[in-house]
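Visitor: Sequence:
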Amino acid sequence: MTENVHSVPAVEAAMPAPVRESDNPVMKGLLFLRSSAASAPSLTRGLWQCYGRERAAAVRNFLGQYRPHPALYLTLALAVFGAVTFAQTHSLATGVVVNGEYVGAVENRDVFQSAKAFVQTSASDVLGYEYDFENESLRTRPAVVANEDLLTEDALVSEICQANNIVSYSYVLEVNGRAVGVGASEDEIKDALRARLTQYSNENTISAEFTAPVSVTREIISDAQGRSLSTVDEAVNATSQEEVIYTIQAGDTWSEIAARYDMSSSDLLALNPGFDMDKIWEGQELTVSAAVPLLSVKTVDRVSYQAAVPYSTEWVDDSSMYQGESRTITAGVDGVADVTANVSYVDGVETSRDVLSSVTVTEPVTRVVAVGTKERPKTMASGSFSWPTSGRITSTFGGRASPGGIGSTNHKGIDIAGSRGRAINAADGGTVSYAGWMGGYGYLVIIDHKNGYETYYGHNSKLLVSVGDKVYKGQQIAKMGSTGNSTGNHCHFEIRLYGTPVNPLKYLP
Numbered sequence: 463m464t465e466n467v468h469s470v471p472a473v474e475a476a477m478p479a480p481v482r483e484s485d486n487p488v489m490k491g492l493l494f495l496r497s498s499a500a501s502a503p504s505l506t507r508g509l510w511q512c513y514g515r516e517r518a519a520a521v522r523n524f525l526g527q528y529r530p531h532p533a534l535y536l537t538l539a540l541a542v543f544g545a546v547t548f549a550q551t552h553s554l555a556t557g558v559v560v561n562g563e564y565v566g567a568v569e570n571r572d573v574f575q576s577a578k579a580f581v582q583t584s585a586s587d588v589l590g591y592e593y594d595f596e597n598e599s600l601r602t603r604p605a606v607v608a609n610e611d612l613l614t615e616d617a618l619v620s621e622i623c624q625a626n627n628i629v630s631y632s633y634v635l636e637v638n639g640r641a642v643g644v645g646a647s648e649d650e651i652k653d654a655l656r657a658r659l660t661q662y663s664n665e666n667t668i669s670a671e672f673t674a675p676v677s678v679t680r681e682i683i684s685d686a687q688g689r690s691l692s693t694v695d696e697a698v699n700a701t702s703q704e705e706v707i708y709t710i711q712a713g714d715t716w717s718e719i720a721a722r723y724d725m726s727s728s729d730l731l732a733l734n735p736g737f738d739m740d741k742i743w744e745g746q747e748l749t750v751s752a753a754v755p756l757l758s759v760k761t762v763d764r765v766s767y768q769a770a771v772p773y774s775t776e777w778v779d780d781s782s783m784y785q786g787e788s789r790t791i792t793a794g795v796d797g798v799a800d801v802t803a804n805v806s807y808v809d810g811v812e813t814s815r816d817v818l819s820s821v822t823v824t825e826p827v828t829r830v831v832a833v834g835t836k837e838r839p840k841t842m843a844s845g846s847f848s849w850p851t852s853g854r855i856t857s858t859f860g861g862r863a864s865p866g867g868i869g870s871t872n873h874k875g876i877d878i879a880g881s882r883g884r885a886i887n888a889a890d891g892g893t894v895s896y897a898g899w900m901g902g903y904g905y906l907v908i909i910d911h912k913n914g915y916e917t918y919y920g921h922n923s924k925l926l927v928s929v930g931d932k933v934y935k936g937q938q939i940a941k942m943g944s945t946g947n948s949t950g951n952h953c954h955f956e957i958r959l960y961g962t963p964v965n966p967l968k969y970l971p
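Throughout, the numbering used here is defined as the position within the sequence shown, counted from one, plus 462.
Be aware that one or more of the hints could be misleading.
Said to hold, decoys possible - Quick list of simulated restraints, FRET-style, between CB atoms:
{"#": "1", "residue 1": "572", "residue 2": "627", "range": "25 to 31 Å"}
{"#": "2", "residue 1": "611", "residue 2": "669", "range": "42 to 48 Å"}
{"#": "3", "residue 1": "967", "residue 2": "741", "range": "16 to 22 Å"}
{"#": "4", "residue 1": "967", "residue 2": "839", "range": "55 to 61 Å"}
{"#": "5", "residue 1": "715", "residue 2": "768", "range": "29 to 35 Å"}
{"#": "6", "residue 1": "791", "residue 2": "839", "range": "23 to 29 Å"}
{"#": "7", "residue 1": "713", "residue 2": "967", "range": "49 to 55 Å"}
{"#": "8", "residue 1": "652", "residue 2": "737", "range": "20 to 26 Å"}
{"#": "9", "residue 1": "648", "residue 2": "732", "range": "43 to 49 Å"}
{"#": "10", "residue 1": "669", "residue 2": "648", "range": "21 to 27 Å"}
{"#": "11", "residue 1": "798", "residue 2": "690", "range": "54 to 60 Å"}
{"#": "12", "residue 1": "733", "residue 2": "657", "range": "29 to 35 Å"}
What the hints assert, rightly or not - Derived DSS-like pairs (lysine-lysine); straight-line CA-CA distance at most 25 Å:
{"#": "13", "residue 1": "924", "residue 2": "874"}
{"#": "14", "residue 1": "935", "residue 2": "924"}
{"#": "15", "residue 1": "652", "residue 2": "578"}
{"#": "16", "residue 1": "932", "residue 2": "836"}
{"#": "17", "residue 1": "968", "residue 2": "836"}
{"#": "18", "residue 1": "935", "residue 2": "968"}
{"#": "19", "residue 1": "840", "residue 2": "912"}
{"#": "20", "residue 1": "840", "residue 2": "941"}
{"#": "21", "residue 1": "912", "residue 2": "935"}
{"#": "22", "residue 1": "935", "residue 2": "840"}
{"#": "23", "residue 1": "741", "residue 2": "760"}
{"#": "24", "residue 1": "941", "residue 2": "924"}
FYI, nobody ran anything at the bench for these hints, they're computed from the structure. What you are looking at is a predicted structure, and each value in this text was computed from that prediction instead of being measured. Backbone N, C-alpha and C fix where the C-beta goes; we use that ideal spot for every residue, glycine too.
Could you build the full structure based on these sequences and the hints that come with them?
Guide: Given below as structure tokens:
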């Protein structure tokens, strides 16, 4: 034996030589009974032919002279019947002994040799050295066993492994070709897999399967490997932390996303350097750490529900409105449809929806929108100004008492009083250079007329333009209000020439 062969010290040399099945007198008797039972009819015919009627008559005379008790015939018949029955229901088999322990019997020695070779080859593969029974306590002996008690080759492999305490013949759960769990039986593993699928199934589920290849094998593993593998229940429910991509949805906040994945805000930021936690928007993608199941489950549910049928929009020309303007003539209303669909999920999260049928039960109402066709006035400054709104002048350009009656100020424009919400219009064409809140002005619009002139419109309740908008003379840009430093609803109107306020009344018609 070479040095790299690892084996247990031999005890087989000390054992008596195996008895051959053909030398055992009990076995000879059983074989004789079995063959006799099969040949009894032909034997009777042969005796009659050999000895003839005369010998038969002599036998009758002998039996008539001695007349054995009838019970003797019954006893002999029962004995023969029992022996024949035993021979038909039992077999002369090959018994197997491992480490001095009888583990069972197989049909013949070929089955034993095949099982032994399988254990040797498989054990050598998993142990990393040549595993040999040559010096192990593994032997055979003749055995008489009931036919139903004969071991299959697979069962014998299991018994040999169980008795040697070095390897085991186990049921192994494999995912993606990798062993992840071990079970006592194939049924135990399959029950655990079915339970996993059931977690994501309901009365509407038409199919459920694992996203990764799953198999159950029976193989020889080392005891160390068996201890390292999870139990079946642990394996089918195992998860691992992995980095996945999350797409930000409307209304999401940084802290809510972190909490959703059991992370702190700082941990989430560490995975996403360069992000501003206070400035995120819909559609951005973040890397998050999520618990990913070892066995992901894909299910398909067939569901019926009502869905909106989107309305269409019809556009009609209106020459009374300027180009770019529009108004709704008829509001659109969605219809209703009865829908049947197959909805696919992975671990309970919808991944796709296949609509099988859709029947409209309520027709949608078409939206009708009028669009202006009249050419807009030019936004280039005309060089003259129009009144920004109608109303009464309550304060003129120049010195005046400050609002509240305390002290005096240099009023840079005029105040035109009116009702809240009254239209405030551009005094001439130009580009909006400011639109927003500005201190005492409240909500303010400034228009640059690109000819040295600027106009200011202050204290508005609502702004209708944005910075960069091109406006034409007379276009509504805001609504009158009393925001900022104001004592009532009015429009504070200024005209500035190269940044210096001038008296508007000298420029208005």
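Visitor: Each hint: holds or not?
Guide: To see whether the hints hold, each was checked on the structure:
| no. | hint | result |
| --- | --- | --- |
| 1 | 572 with 627: 25 to 31 Å | 27 Å, holds |
| 2 | 611 with 669: 42 to 48 Å | 43 Å, holds |
| 3 | 967 with 741: 16 to 22 Å | 47 Å, violated |
| 4 | 967 with 839: 55 to 61 Å | 24 Å, violated |
| 5 | 715 with 768: 29 to 35 Å | 32 Å, holds |
| 6 | 791 with 839: 23 to 29 Å | 25 Å, holds |
| 7 | 713 with 967: 49 to 55 Å | 52 Å, holds |
| 8 | 652 with 737: 20 to 26 Å | 46 Å, violated |
| 9 | 648 with 732: 43 to 49 Å | 45 Å, holds |
| 10 | 669 with 648: 21 to 27 Å | 23 Å, holds |
| 11 | 798 with 690: 54 to 60 Å | 58 Å, holds |
| 12 | 733 with 657: 29 to 35 Å | 34 Å, holds |
| 13 | 924 with 874 | 22 Å, holds |
| 14 | 935 with 924 | 19 Å, holds |
| 15 | 652 with 578 | 29 Å, violated |
| 16 | 932 with 836 | 17 Å, holds |
| 17 | 968 with 836 | 33 Å, violated |
| 18 | 935 with 968 | 18 Å, holds |
| 19 | 840 with 912 | 14 Å, holds |
| 20 | 840 with 941 | 22 Å, holds |
| 21 | 912 with 935 | 14 Å, holds |
| 22 | 935 with 840 | 8 Å, holds |
| 23 | 741 with 760 | 35 Å, violated |
| 24 | 941 with 924 | 5 Å, holds |
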